[in-house]
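Generate the whole structure from the sequences, applying the supplied hints.
If you want the building blocks of each chain, they are given just below.
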Amino acid sequence: MGPLIKLIILNVIAYVICKFVVPNVPGSAPLPASLVFLYLMLTTSGFLIFATLSAESKEAFWGPIQRFLTGENIGGLQAVRYGVLILFPLLVGWQTYNNTAVSDAPPSENRTIHPAPPGEYTGLSSPVAKTPDNIQQGKGFYAAFCSPCHGGNFDGKGPAARGFNPPPANFSDPTTIAMLQESYLFWRIKKGGVGLPIEGMPWKSAMPRWEVELPDEWIWKIIMGEYDGAHQSPRTWE
Amino acid sequence: MQHQGGWIQKLLRSSSGHGGTLLGLVMAVGLLSLPALAFGADATPAAPVEYRDVPYVGSRNIIWVVAQLHLLLAGFVLGVPIFAWLCEVVAWKTGEKRYDKLAKEFTKLLTSAYATTALFGGILLFLLISFYPKLMNYLTDIFFPSFIVYCILFLVETATLYLYWYGWDAMQDGGKKTFHIFLGFLLNFFAFFIMVVPNSWATFQSSPVVLAEGSDMARAWAATWNPTWWPVNIHRLIANVVLGGYICGAYAGIRYLSATNTEERDHYDWMGYVGNFIGVFGLLALPFAGYWLMREIYQYNQQMGITLMGGFLSWLFILQAMLIGVLFLGSNYYFWLGITYRIPGSEIKYRKPMLAMLIALLLCLGVWMTPHSLVASMEEARKMGGSHHPLLGVFGVMSAKMTVANLMILVTFMSFIMYWRAGKQETAGWAKVAKAIMGAILASAAIAVIILGVWGYFVPAIIRINYFSTSQVLVVLGVMLTITPLTALLLRSAKTTTEMVWGKMPPRAGYSLVLNAVMVVLLMTLMGYARSSSRVHWHVYGVVRDTSPYAFSPALGYAAALMSLNTFFFCMLVAFIFWVATMGDKAKAPGGASKVELPQGMPAMAGASSALDEPKAH
Chain A
1 MGPLIKLIIL NVIAYVICKF VVPNVPGSAP LPASLVFLYL MLTTSGFLIF
51 ATLSAESKEA FWGPIQRFLT GENIGGLQAV RYGVLILFPL LVGWQTYNNT
101 AVSDAPPSEN RTIHPAPPGE YTGLSSPVAK TPDNIQQGKG FYAAFCSPCH
151 GGNFDGKGPA ARGFNPPPAN FSDPTTIAML QESYLFWRIK KGGVGLPIEG
201 MPWKSAMPRW EVELPDEWIW KIIMGEYDGA HQSPRTWE
Chain B
1 MQHQGGWIQK LLRSSSGHGG TLLGLVMAVG LLSLPALAFG ADATPAAPVE
51 YRDVPYVGSR NIIWVVAQLH LLLAGFVLGV PIFAWLCEVV AWKTGEKRYD
101 KLAKEFTKLL TSAYATTALF GGILLFLLIS FYPKLMNYLT DIFFPSFIVY
151 CILFLVETAT LYLYWYGWDA MQDGGKKTFH IFLGFLLNFF AFFIMVVPNS
201 WATFQSSPVV LAEGSDMARA WAATWNPTWW PVNIHRLIAN VVLGGYICGA
251 YAGIRYLSAT NTEERDHYDW MGYVGNFIGV FGLLALPFAG YWLMREIYQY
301 NQQMGITLMG GFLSWLFILQ AMLIGVLFLG SNYYFWLGIT YRIPGSEIKY
351 RKPMLAMLIA LLLCLGVWMT PHSLVASMEE ARKMGGSHHP LLGVFGVMSA
401 KMTVANLMIL VTFMSFIMYW RAGKQETAGW AKVAKAIMGA ILASAAIAVI
451 ILGVWGYFVP AIIRINYFST SQVLVVLGVM LTITPLTALL LRSAKTTTEM
501 VWGKMPPRAG YSLVLNAVMV VLLMTLMGYA RSSSRVHWHV YGVVRDTSPY
551 AFSPALGYAA ALMSLNTFFF CMLVAFIFWV ATMGDKAKAP GGASKVELPQ
601 GMPAMAGASS ALDEPKAH
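Just so you know, the sequences run in chain order A and B. So that you can map any letter, position 83 of the first sequence is 83 in our numbering, and since no number is skipped, the others follow by simple counting. So that you can map any letter, position 240 of the second sequence is 240 in our numbering, and since no number is skipped, the others follow by simple counting.
It is worth saying that the hints were derived from the structure and are not from the lab. Some hints here could point you the wrong way.
What the hints assert, rightly or not - Derived lysine-lysine pairs resembling DSSO-like cross-links, with alpha carbons at most 27 angstroms apart:
| hint | chain 1 | residue 1 | chain 2 | residue 2 |
| --- | --- | --- | --- | --- |
| 1 | A | Lys-157 | B | Lys-504 |
| 2 | B | Lys-495 | B | Lys-93 |
| 3 | A | Lys-190 | A | Lys-130 |
| 4 | A | Lys-6 | B | Lys-352 |
| 5 | A | Lys-58 | B | Lys-93 |
| 6 | A | Lys-58 | B | Lys-495 |
| 7 | A | Lys-6 | B | Lys-349 |
| 8 | A | Lys-58 | A | Lys-139 |
| 9 | B | Lys-495 | B | Lys-352 |
| 10 | A | Lys-157 | A | Lys-139 |
| 11 | A | Lys-19 | B | Lys-176 |
| 12 | A | Lys-204 | A | Lys-157 |
| 13 | B | Lys-383 | A | Lys-204 |
| 14 | B | Lys-349 | A | Lys-58 |
Claimed, not checked - Derived CB-CB ranges, DEER-like:
| hint | chain 1 | residue 1 | chain 2 | residue 2 | range |
| --- | --- | --- | --- | --- | --- |
| 15 | B | Ala-436 | A | Ile-13 | 31 to 37 angstroms |
| 16 | A | Pro-127 | B | Phe-144 | 39 to 45 angstroms |
| 17 | B | Ile-447 | A | Ala-206 | 55 to 61 angstroms |
The C-beta atom is built at its ideal place from N, Cα and C for all residues, glycine as well.
The following block contains the structure:
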């Protein structure tokens with residue numbers, strides 16, 4: 001089997017894994033095209049590196065391509081060669097046109113996921129003592145004000161969650177609140193979606209501005225309840 | 001002012017279609033028209049001038065280009081003496097003259113490179129005083145004593161450099177050579193402090209501390225000792241070694257490609273090997289220093305940490321992953337080509353391990369390059385339930401990134417060990433046991449790194465940062481510190497089965513050396529922008545606000561275009577320095593009659609040396 005065929009087969013396998021295997025793993029979802037492209041590029045780069053490690057392997061891979069493209073001793077393949085030489089630029093042109101033509105498809109969402117908190121909120125620490133009573137009280141507030149969206153199990157699957165895009169944060173995911181300090185959560189709960197900074201606008205957040213309804217003390221208690229209920233710990237420096 | 005940014009943006013876009021000629025011309029005209037800034041000054045004398053601007057080009061763009069070029073050149077002139085001095089010490093200790101020749105060849109570059117760096121430093125200073133008088137006033141008020149120290153350091157560094165370079169031939173024997181080595185040490189000692197002092201100014205801008213009332217010296221010292229000062233010092237020191245090594249490699253690569261006789265080809269092939277080795281040597285330690293720096297930034301200010309790692313600058317770190325990935329692949333590729341071409345017969349023996357290492361590197365790179373929030377269309381995002389992939393989203397956080405970075409370092413280290421051992425047969429009776437121990441150390445280290453990485457998701461962030469990530473680093477360092485001496489011991493009594501043959505590398509080896517150097521420069525421009533941008537709309541974070549019309553962060557595409565432009569300018573400057581420094585040698589060189597001309601008679605650039613790359617007849 002020629003190396004070029006191997007490269008094509010390898011890419012097909014990588015594509016099938018990305019497109020059909022990974023999305024069907026329980027709890028998974030389809031991969032966006034940008035990620036599939038990234039993995040296919042890595043596969044191709046790896047192949048090219050390995051194929052050019054020695055003179056022999058380079059010749060086995062590149063030699064036939066070079067001879068085909070230059071038309072050197074390819075006999076009856078001349079017609080195919082002309083076909084490739086004409087079709088390839090057309091394919092590139094078509095791809096370029098497709099990427100630049102006006103389209104009715106909405107643009108990709110290059111949303112910045114973590115807004116930076118304003119300076120006055122950084123370094124704040126909770127004035128509320130971390131006692132079992134306060135945590136319990138915080139969980140109660142959470143159940144009343146937060147769980148409709150963020151879920152009774154802190155997993156972002158509350159009864160109202162399906163109505164939102166992007167969905168409410170899943171606090172039990174170790175890549176969400178476990179990465180953040182308590183002061184960050186305090187700012188996000190207090191100021192909500194409308195209090196997000198202008199960097200990386202437009203923001204998409206349906207988070208209410210809870211400062212108009214809840215006193216600061218309740219917010220700090222909710223934060224304690226959230227971390228405890230989601231079995232996560234806030235980022236600290238001690 | 002907005003129209004200026006737009007004008008540049010349009011220019012950058014249009015330049016992509018015209019080979020950058022127009023852009024280069026316009027930038028040159030822009031720089032030459034600097035005197036015009038006097039006319040751009042605010043004409044009202046009532047209040048002190050806070051900012052000045054240059055029409056069309058924009059003061060921020062000019063400062064960006066000049067500051068970046070100065071920094072890159074500074075990295076070069078601080079990295080090269082380390083590189084040259086190490087080579088000289090090796091030559092002194094081992095008696096291998098070619099190392100001394102290499103050290104001298106690079107020290108020769110220093111005088112012209114040093115002058116160019118100082119020139120750009122001077123231009124930068126004048127431009128800063130002109131464009132940002134209020135900020136410079138503020139910084140001068142704080143750092144005045146360290147300005148004096150900096151000037152003194154510059155004087156002694158210049159004197160030492162002159163003695164080191166001009167005394168090279170005169171100080172070759174006995175005690176004089178020892179003194180010359182000492183001069184080289186002094187050169188690096190002063191150079192280190194020349195880097196450390198201005199680092200304090202730049203890091204103070206990012207992480208200022210509260211300055212108590214006191215003497216000028218006390219205030220300057222308090223400002224100098226800010227939270228990110230030492231992390232940046234260490235990170236830049238290592239990065240300079242990496243830059244010096246890879247630039248040396250690129251120079252050797254280009255000379256190798258254009259070599260017209262076997263002597264040159266052998267020499268530059270060997271030089272490429274040394275440059276790549278030193279570059280990789282630094283590269284292995286660089287991610288650790290970078291991690292420490294980011295940790296300190298995060299601890300200093302949550303806002304800045306999030307802006308960098310999770311906010312609008314986080315995409316820079318995906319670009320960084322790509323560039324570092326190419327660098328790791330390029331460096332390993334060069335090692336593997338070396339095994340194949342310099343040690344005949346080794347290719348068959350090592351082809352499978354090379355494939356395994358390549359697959360490991362690609363898998364790690366795949367994880368490193370996977371962002372937490374993905375680029376997805378509306379439909380794709382809806383299917384994923386947001387911009388995080390429910391399964392692969394776990395690759396997007398630091399626990400995964402640290403794990404794969406450590407694994408890539410391990411693989412690269414093993415590439416080097418493999419290269420070292422190739423063509424040699426161990427004769428020691430305990431060789432089998434030693435190899436088994438090394439294999440076990442490597443396997444357990446890889447497993448430990450992965451376990452710590454996975455476990456990192458289930459512990460509080462502070463445990464992961466302070467203990468797990470540190471342990472991963474220590475495990476990898478432990479592997480290096482045990483396997484390196486063990487291999488050296490093993491090879492002391494080894495029999496050389498195949499002599500290393502220099503000058504047989506294919507042209508693509510030279511190109512990969514050039515690619516590595518360009519990647520390092522791009523990385524420095526990228527992360528230089530990240531460090532500077534993390535201050536957002538502050539000149540001095542949280543203290544002196546940027547009230548100029550440029551108090552906004554440019555779009556990433558615009559920033560990337562300027563980074564590329566800076567990389568291009570720097571490469572041109574380095575090429576110029578090399579050209580000037582070697583001009584005399586070319587004139588002095590004999591006709592080359594005694595040298596063996598290559599049968600092809602033409603350099604690789606012209607395509608002739610691809611003859612080296614022809615498969616052997618079976």
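For each hint, the structure was consulted:
no. : hint                                        : in the structure
1   : A:Lys-157 <-> B:Lys-504                     : violated (63 angstroms)
2   : B:Lys-495 <-> B:Lys-93                      : holds (23 angstroms)
3   : A:Lys-190 <-> A:Lys-130                     : holds (20 angstroms)
4   : A:Lys-6 <-> B:Lys-352                       : holds (17 angstroms)
5   : A:Lys-58 <-> B:Lys-93                       : violated (41 angstroms)
6   : A:Lys-58 <-> B:Lys-495                      : violated (31 angstroms)
7   : A:Lys-6 <-> B:Lys-349                       : holds (22 angstroms)
8   : A:Lys-58 <-> A:Lys-139                      : violated (64 angstroms)
9   : B:Lys-495 <-> B:Lys-352                     : holds (23 angstroms)
10  : A:Lys-157 <-> A:Lys-139                     : holds (16 angstroms)
11  : A:Lys-19 <-> B:Lys-176                      : violated (68 angstroms)
12  : A:Lys-204 <-> A:Lys-157                     : holds (18 angstroms)
13  : B:Lys-383 <-> A:Lys-204                     : holds (17 angstroms)
14  : B:Lys-349 <-> A:Lys-58                      : holds (18 angstroms)
15  : B:Ala-436 <-> A:Ile-13: 31 to 37 angstroms  : holds (35 angstroms)
16  : A:Pro-127 <-> B:Phe-144: 39 to 45 angstroms : holds (42 angstroms)
17  : B:Ile-447 <-> A:Ala-206: 55 to 61 angstroms : violated (44 angstroms)
Checked against the numbered hints given earlier, the structure breaks hints 1, 5, 6, 8, 11, 17 and satisfies all the rest.
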